[in-house]
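Asker: This is what each chain is made of:
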Amino acid sequence: MKYALPVVLVAVTAALMVLGLYGTGQAGGTVGITKGSALHTAKADSPDQGLANLLAEVQRRNWDRAFADVSSSSGITEQAFIQDWMGSNGSLRSFSSLEGFDARPLHATNDEAQMRVRLHFSTPVGPLEDVRDFRLIREADVWKAVWPKIQVPSTPAEVIPVTFLRWDLVAGGADEEWGARNIDAPHVRIISMNAVDTAAGAVVMGEVTNEDTVPAFVAVNATLVDAGGNAIDQESSFDKIAHVLLPKQVTPYRIDFPNLHLRNVKNVRMDEKATLVPASADPVIGVMNQRIETDVQGKSVLHGDLLNQGGQTVNIPHVIASFYDNNGKVVWVSDGYVDRALLPQSSQSFAVEIPKNLSTAVHSFHVVVNQYSLGKS
Amino acid sequence: MARLVRICAVMGLAAACANAGAAQDLRVPDSAVAGEQTSISTTGSGKATFYLAGPGVSRKNEVALGQEVRLTGHDLRDAGYYLAILCSETCRSAGFYVSAGKAASLSFIVHPSRVPVAQDEAVNGVAFPFDQYRNLVLAPVNVNFRLNTKDASLFSRAIRTQNGVAWFRTASGKSAGALQVVASLDDLTTRRAVQQVASDPCNLRITGQRTKTGILVQTEPVHDCSGNVLPDGTIVTFTATGPEGRDTVDAPIKQGIARAQMDSSGATTISVASGVVMGNEIRVGAQP
Numbered sequence: 001m002k003y004a005l006p007v008v009l010v011a012v013t014a015a016l017m018v019l020g021l022y023g024t025g026q027a028g029g030t031v032g033i034t035k036g037s038a039l040h041t042a043k044a045d046s047p048d049q050g051l052a053n054l055l056a057e058v059q060r061r062n063w064d065r066a067f068a069d070v071s072s073s074s075g076i077t078e079q080a081f082i083q084d085w086m087g088s089n090g091s092l093r094s095f096s097s098l099e100g101f102d103a104r105p106l107h108a109t110n111d112e113a114q115m116r117v118r119l120h121f122s123t124p125v126g127p128l129e130d131v132r133d134f135r136l137i138r139e140a141d142v143w144k145a146v147w148p149k150i151q152v153p154s155t156p157a158e159v160i161p162v163t164f165l166r167w168d169l170v171a172g173g174a175d176e177e178w179g180a181r182n183i184d185a186p187h188v189r190i191i192s193m194n195a196v197d198t199a200a201g202a203v204v205m206g207e208v209t210n211e212d213t214v215p216a217f218v219a220v221n222a223t224l225v226d227a228g229g230n231a232i233d234q235e236s237s238f239d240k241i242a243h244v245l246l247p248k249q250v251t252p253y254r255i256d257f258p259n260l261h262l263r264n265v266k267n268v269r270m271d272e273k274a275t276l277v278p279a280s281a282d283p284v285i286g287v288m289n290q291r292i293e294t295d296v297q298g299k300s301v302l303h304g305d306l307l308n309q310g311g312q313t314v315n316i317p318h319v320i321a322s323f324y325d326n327n328g329k330v331v332w333v334s335d336g337y338v339d340r341a342l343l344p345q346s347s348q349s350f351a352v353e354i355p356k357n358l359s360t361a362v363h364s365f366h367v368v369v370n371q372y373s374l375g376k377s
Numbered sequence: 001m002a003r004l005v006r007i008c009a010v011m012g013l014a015a016a017c018a019n020a021g022a023a024q025d026l027r028v029p030d031s032a033v034a035g036e037q038t039s040i041s042t043t044g045s046g047k048a049t050f051y052l053a054g055p056g057v058s059r060k061n062e063v064a065l066g067q068e069v070r071l072t073g074h075d076l077r078d079a080g081y082y083l084a085i086l087c088s089e090t091c092r093s094a095g096f097y098v099s100a101g102k103a104a105s106l107s108f109i110v111h112p113s114r115v116p117v118a119q120d121e122a123v124n125g126v127a128f129p130f131d132q133y134r135n136l137v138l139a140p141v142n143v144n145f146r147l148n149t150k151d152a153s154l155f156s157r158a159i160r161t162q163n164g165v166a167w168f169r170t171a172s173g174k175s176a177g178a179l180q181v182v183a184s185l186d187d188l189t190t191r192r193a194v195q196q197v198a199s200d201p202c203n204l205r206i207t208g209q210r211t212k213t214g215i216l217v218q219t220e221p222v223h224d225c226s227g228n229v230l231p232d233g234t235i236v237t238f239t240a241t242g243p244e245g246r247d248t249v250d251a252p253i254k255q256g257i258a259r260a261q262m263d264s265s266g267a268t269t270i271s272v273a274s275g276v277v278m279g280n281e282i283r284v285g286a287q288p
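Top to bottom, those sequences are chains C and A. Mapping of the first sequence onto my numbering: position 48 corresponds to residue 48, and the numbering continues sequentially without gaps. Mapping of the second sequence onto my numbering: position 266 corresponds to residue 266, and the numbering continues sequentially without gaps.
Take these hints with a grain of salt, some might be off.
What the hints assert, rightly or not - Taking lysine-lysine pairs in the DSSO-like style, the calculated list, with each CA pair at most 30 Å apart, reads:
#	chain 1	residue 1	chain 2	residue 2
1	A	Lys-254	A	Lys-174
2	A	Lys-254	C	Lys-273
3	A	Lys-212	A	Lys-254
4	C	Lys-149	A	Lys-212
5	C	Lys-273	A	Lys-174
6	C	Lys-329	C	Lys-356
It should be emphasised that the hints constitute simulated quantities derived from the structure, not laboratory data.
Starting from the given sequences, assemble the full structure and let the hints guide the process.
Answerer: Written as structure tokens, this is what we have:
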């Protein structure tokens with residue numbers, strides 16, 4: 001009897017160890033395993049298992065073992081493979097981790113298979129999803145992924161003369177005469193507003209412009225008011241707006257009211273707030289090759305490339321697009337973060353989704369780029 | 001709060017004594033000016049207690065009846081209603097008003113600090129005359145307002161204060177630059193500056209030419225409808241629509257001109273806008 005408790009404890013500990021070894025399947029949370037740990041992985045005797053092994057090791061950031069699941073015919077280095085997952089230059093990917101994945105086969109033969117994987121990343125700006133197609137081949141009796149060659153934008157060493165514009169603010173002293181040196185807040189104006197109902201709730205969207213000659217930090221708030229004149233809810237545009245607007249710049253905004261529907265709303269009160277901020281007109285980012293296409297999942301997506309025409313790295317580019325109908329009315333505003341840094345004189349592709357029910361109504365669109373640079377934003 | 005209680009107590013005392021028959025009496029000045037000494041004459045004989053309560057003072061001292069009670073300039077620094085009370089066997093009270101002295105400073109607020117040119121009723125200013133003790137001068141005085149640009153006078157008018165305030169509202173000028181706004185009263189002058197800035201672009205036009213790497217498109221010098229060059233940093237949006245899709249570049253104006261490099265190699269239509277103002281549209285042929 002006196003041995004019963006130690007025996008039970010040893011048995012439970014052993015059971016938990018076994019569970020820990022075999023229980024780290026796909027789509028789990030991020031597991032913080034140090035490099036080179038010896039965890040058991042099932043033999044990759046099928047394409048599904050080969051890919052699952054690879055992604056599970058990526059989740060654990062066990063790069064040696066993950067790279068071992070990549071076919072040597074891929075022709076990439078382990079360093080490039082790691083950089084593909086870990087990101088670089090302070091990009092959003094550098095701050096992200098693979099949280100889970102869902103894979104489904106597209107095509108398979110005895111020696112080759114094509115898998116489509118929906119990758120779920122957790123990031124500081126919320127969950128991000130990426131859909132990638134993987135090709136797997138059988139090498140001996142093990143399935144391995146063929147990793148595509150990674151095109152890392154390389155900027156030649158050069159001097160880029162940038163005569164960029166910058167606005168600085170000088171605060172006046174507290175001892176100054178009253179009314180002697182006041183500076184007004186920038187004048188901004190909401191130039192369009194549209195409220196729609198969606199399955200997720202009410203959405204208020206439109207565009208706002210800085211009509212002034214100085215930069216403005218802009219936030220748009222909306223209050224939904226019922227028939228009795230009472231405020232039902234108040235929300236702000238949060239990150240669905242380019243907050244820093246240079247003179248005459250226009251940005252879309254979108255304000256979401258989850259679980260609220262317009263049938264209960266009599267009025268929408270809009271309120272734009274602007275404050276004077278220091279700002280820089282550099283870098284200029286071109287939005288190239290914009291086109292609306294249907295992606296592999298059948299969704300309408302606005303694709304394009306961001307081209308950094310300046311000399312500074314943009315660590316986290318953020319794209320906000322407004323979509324218009326035939327009458328020029330804003331019918332939707334979408335946004336998306338690009339998880340790769342935008343290096344000087346280089347481009348990165350982006351995609352933002354258009355809701356299925358609006359894809360036929362969209363006649364034109366306008367894209368603005370919000371930029372976050374480390375040490376600057 | 002304690003001061004208020006004291007004043008109320010003194011006023012209560014005065015009210016209680018107001019109708020009481022007494023040998024002593026006091027005579028307050030018909031008019032008094034803030035910061036200037038004055039006196040209150042008393043009648044009767046013997047000793048009495050004198051109380052003075054006003055916006056900035058509350059004092060008590062012994063006085064000899066039949067002599068004048070001297071009120072120093074320091075006692076009467078704050079303009080407003082004062083109550084004098086004289087108590088011997090009974091109390092007598094009288095009130096008098098101290099008005100602000102001669103204007104010694106002119107507070108001047110001008111709005112806005114930046115204004116687009118050629119806007120109606122866009123500039124306004126308010127002036128408040130104060131005496132040397134910061135009492136608002138309520139007596140009507142003429143304040144001269146003048147608005148000058150570098151080379152022209154936009155506005156000049158004398159406005160009489162009402163209840164201590166004089167104000168104006170006028171249109172902004174036609175040329176960008178500093179607008180000097182001056183308010184003067186006798187030998188007092190207060191200056192403010194308003195920055196007149198270019199208004200919306202007018203007749204926004206672009207030209208484009210094919211280069212080895214795409215299309216270089218640029219605006220003609222961007223002016224407003226009054227001919228002022230738009231300030232550097234103003235965003236001009238170029239949109240190129242070609243067979244590869246649509247390209248947009250938000251380019252800032254530098255030295256009056258905005259430029260952008262577009263990638264398109266096919267036949268391309270390029271349009272331009274700045275804020276809510278649209279410009280012309282050009283067509284550039286495909287790369288040979």
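Asker: If you draw a straight line from the CA of Lys-149 of chain C to the CA of Lys-212 of chain A, is it 30 Å or shorter?
Answerer: 29 Å, holds
Asker: Is Lys-329 of chain C within 30 Å of Lys-356 of chain C, Cα to Cα?
Answerer: OK: Lys-329 of chain C and Lys-356 of chain C at ~18 Å, within 30 Å.
Asker: Quickly compare the C-alpha distance for Lys-254 of chain A and Lys-174 of chain A to 30 Å and report which way the hint goes.
Answerer: Between Lys-254 of chain A and Lys-174 of chain A the Cα gap is close to 22 Å, so the pair holds against 30 Å.
Asker: Check whether the Cα positions of Lys-254 of chain A and Lys-273 of chain C lie no farther apart than 30 Å.
Answerer: Holds - the C-alpha atoms of Lys-273 of chain C and Lys-254 of chain A are around 28 Å apart, at most 30 Å.
Asker: Straight-line Cα separation of Lys-212 of chain A and Lys-254 of chain A no greater than 30 Å?
Answerer: 23 Å, holds
Asker: Does the alpha-carbon distance linking Lys-273 of chain C and Lys-174 of chain A stay inside the 30 Å limit?
Answerer: Given that 30 Å is the threshold and the Cα spacing comes to 29 Å, the pair holds.
The structure is consistent with each of the numbered hints, conforming to all of them.
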